[in-house]
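Knowing the structure of chain H, use the given hints to seat chain D on it.
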Amino acid sequence: MNDHTPQPVRRSLLKGTAALPFISALAALHAREAMAAGNTVRIASPYGPIAPVNDLTTGLPLLKLPAGFSYKSFGWTGDLMTNGLPCPAAHDGMAVVRSRRVGRSTELVLIRNHELGGTTNSSFFGAPAVYDTGTSSSQYSAGGTTNVVFTDGNWVSVSPSLGGTRTNCAGGPTPWGSWLTCEEVGSDAASTQDRKHGYVFEVAADAAQTSAQPIIGMGRFAHEAVAVDPATGIVYQSEDSSGKSGFYRFIPNVTQGSLGSLAQGGTLQMAKVVGQNNVNVAPAELDQTYALEWVTIANPDQNRGNATGLNGQVITSAAGPFVQGWQQGGLRMNRGEGMWYHAGKVYLMDTSGGTVNLGAIWELDLATQVMTCIYSTSGATVGNMGDNITVSPRGGIVICEDASNAANDEFGLGQRLMGLSPNGDTFIFAKNNVNLSAAQLTAAGKNPALAANHVTNEFAGACFDPTGRYLFVNIQTPGITFAITGPWANGTL
Amino acid sequence: MKLRQLLVSLAAALATAGAAQAATFDGATGAATVTSYSDASTLAFDIDFTSLGAVTLNFTVEASDLTGGLSFNSLVRNLTGLGFSGLTFTLSGATFSAPGTLATDGFQAITGQGFDGHQLWATFAPALTTEFHVGAPLGSGTDWAISLAGAQVGDTFTITAAVPEPGAVAMLLAGFGVVGAMARRRRNQA
Chain H
1 MNDHTPQPVR
11 RSLLKGTAAL
21 PFISALAALH
31 AREAMAAGNT
41 VRIASPYGPI
51 APVNDLTTGL
61 PLLKLPAGFS
71 YKSFGWTGDL
81 MTNGLPCPAA
91 HDGMAVVRSR
101 RVGRSTELVL
111 IRNHELGGTT
121 NSSFFGAPAV
131 YDTGTSSSQY
141 SAGGTTNVVF
151 TDGNWVSVSP
161 SLGGTRTNCA
171 GGPTPWGSWL
181 TCEEVGSDAA
191 STQDRKHGYV
201 FEVAADAAQT
211 SAQPIIGMGR
221 FAHEAVAVDP
231 ATGIVYQSED
241 SSGKSGFYRF
251 IPNVTQGSLG
261 SLAQGGTLQM
271 AKVVGQNNVN
281 VAPAELDQTY
291 ALEWVTIANP
301 DQNRGNATGL
311 NGQVITSAAG
321 PFVQGWQQGG
331 LRMNRGEGMW
341 YHAGKVYLMD
351 TSGGTVNLGA
361 IWELDLATQV
371 MTCIYSTSGA
381 TVGNMGDNIT
391 VSPRGGIVIC
401 EDASNAANDE
411 FGLGQRLMGL
421 SPNGDTFIFA
431 KNNVNLSAAQ
441 LTAAGKNPAL
451 AANHVTNEFA
461 GACFDPTGRY
471 LFVNIQTPGI
481 TFAITGPWAN
491 GTL
Chain D
1001 MKLRQLLVSL
1011 AAALATAGAA
1021 QAATFDGATG
1031 AATVTSYSDA
1041 STLAFDIDFT
1051 SLGAVTLNFT
1061 VEASDLTGGL
1071 SFNSLVRNLT
1081 GLGFSGLTFT
1091 LSGATFSAPG
1101 TLATDGFQAI
1111 TGQGFDGHQL
1121 WATFAPALTT
1131 EFHVGAPLGS
1141 GTDWAISLAG
1151 AQVGDTFTIT
1161 AAVPEPGAVA
1171 MLLAGFGVVG
1181 AMARRRRNQA
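Protein chains in written order, with the working numbering: chain H, 1 to 493; chain D, 1001 to 1190.
Hints are computed from structural coordinates only; laboratory data are not their basis.
Since we're looking at a predicted model, the values are computed, not measured.
By construction, the Cβ of each residue, glycine as well, lies at the ideal position given by its N, Cα and C atoms.
You may find that some hints are simply not true.
Selected chain D positions facing chain H (in silico; Cβ < 10 Å) [what the hints assert, rightly or not]:
(1) Tyr1037
(2) Asp1048
(3) Asn1078
(4) Thr1080
(5) Gly1081
(6) Pro1137
Here are a few chain H residues that sit away from chain D, every Cβ distance over 10 Å (derived from the structure) [claimed, not checked]:
(7) Thr58
(8) Gly134
(9) Val149
If we strip away everything but chain H, and leave its shape as in the complex, we get (with noise of 0.2 Å):
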């Protein structure tokens, strides 16, 4: 059922317009907008056309760049942590949560999720703090976070944090400088510490101080991603469930925030369009807007189930908090994936959403409560189910491609790391290029294990530091951390 209500604007012809004075511009961005018909489209990159550029750790070709960008790659799959055992794999969402200067040297810590399952090692990789050391088919919770510290633009440690989590996706920093780490979870099943799964939790920049308490109150659910509103504590939240994501906020008792403050309690609430019941808005297309209300989840932590919605719509084997937002006329979109707040706004991406089912971001002005789609991807090369995204201080807004198929392009087959221009308009600013024999991993004291063809796997976790100088990122499989810089201000990230 098409159940949605476009209300185009075409904003960007405006904003377009202001920006190009030339004519020939203006002719260009008239030949743009024929061609957009409610979807982004692709521009050259303002950074230039991308090349493989040897990573200054390892020397390995494992990224194209733009030229002027370079990188260190730190934290792979298998080097050994502070506490002597290896890395875990699978690194996916991370932010930098603390950044602080000692003596003139500036620190910067970041927290790195893992999105591993299930493991017969029940070493939970050394975590100080683990939140269920039972088995759920004879298999340990693989997933959890490690910390890692970046100092004066060199890569210094990988510590853990927290272990006894499962398939920790993506999260979000918190303004008091912790992160919350999401399980994506859709299930009821209880491990045999009668432990279940599909909770937010937090962790601290010094990973002692974490707790591995769940935030029950932030719901059980495919959790997917967080942005937190600085201006009031409302944690916003993203549901990856196909075809039957919610979008949900938390609003906490204690709204001043500090470690631990979301595990005493709030009010959980999806998002509800004004005036229209069980909105799909999945199918959503450049420039349509829809204004939101909330609606209030008893029980956050209810278990599965089936819902009718206010428009007659079953929902079969939705997550408990869907079950009962969708029961009062809640939204869903088709699988939300990454969020991230910037100047007033929350961004999210709904990664199988827009018209051809490829992704669509969100903009969520948080003083109107409008969203507003700002891409809608009309085909994989334009876009290719964006996954986590980052806004960086400047402004410009970064997507990590996890495609089903990664794009094949004028630079070749593999994930991107697309850039987001103000106008709506997408560019290629990196490719993964990792592509590695044993012989190579053993030259880079490297695992050889790891050798393979992984241009097709996902980047995950990207993120600036406050300065706008280096952007982080990783590549989900084998399981790479980059610190990339350049000369951002040539474009609009």
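Just chain D now, with coordinates in the frame of chain H:
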């Protein structure tokens, strides 16, 4: 712009007021935020460029400077988002008497460097977008030595850190090439 420069100067002056340090720091003017970490014998400054251009650090000579000499280091952070093809540090009223080290954080290489009595310079590839270390601001390397020979107590001198335009970098390289060639010629003639 003038107000911002004034604020930068005031902030830098306040940051160092009352501290035991080398030559009196009279503040800075220009396109950067300057923080002093100077002590009794070392002029030490973090210089955060927020736009392309130059920043001048102003000093007054103290009696102790004329006997003990001065060392100098600086941590330059590029916060402009633009690449620096090169950087220069120019002295007026003082001279570099012995070179120290020049380094980046490793994201960009130093492709050319040099100094004469009044200026040190470096060029980068790719263009510098992160940090540049003159001397040992973070403890690794060697500080530069500054001579105040001929100066009197109460005299003033300046250190100007500048980001030359790309064309100016080429001229700088050419200029130092000429200086180098003349020096070699003089050595050969000697």
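A quick look at each hint next to the structure:
1. Here the hint on Tyr1037(D) is kept, as its CB sits about 6 Å from the closest CB of chain H, short of 10 Å.
2. Taking 10 Å as the C-beta cut-off, the interface hint given for Asp1048(D) holds, the closest approach to chain H being about 9 Å.
3. With its C-beta approaching chain H no nearer than about 7 Å, Asn1078(D) sits inside the 10 Å limit, and its interface hint holds.
4. Nearest Cβ of chain H to the Cβ of Thr1080(D): about 6 Å, under the 10 Å cut. The hint holds.
5. At its closest, the beta carbon of Gly1081(D) sits 3 Å from a beta carbon of chain H; the interface hint therefore holds under the 10 Å criterion.
6. Contact between Pro1137(D) and chain H, as hinted, is supported at the beta carbon level, the nearest pair being about 6 Å apart and thus within 10 Å.
7. Look at Thr58(H): its CB is around 13 Å from the nearest CB on chain D, clear of 10 Å, so calling it non-interface holds up.
8. The claim that Gly134(H) is not at the interface with chain D holds, since no C-beta of that chain comes within 10 Å of its own (minimum 45 Å).
9. A cut-off of 10 Å between C-beta atoms confirms that Val149(H) is not in contact with chain D; the least separation is 15 Å.
Every hint from the earlier list agrees with this structure, and none is contradicted.
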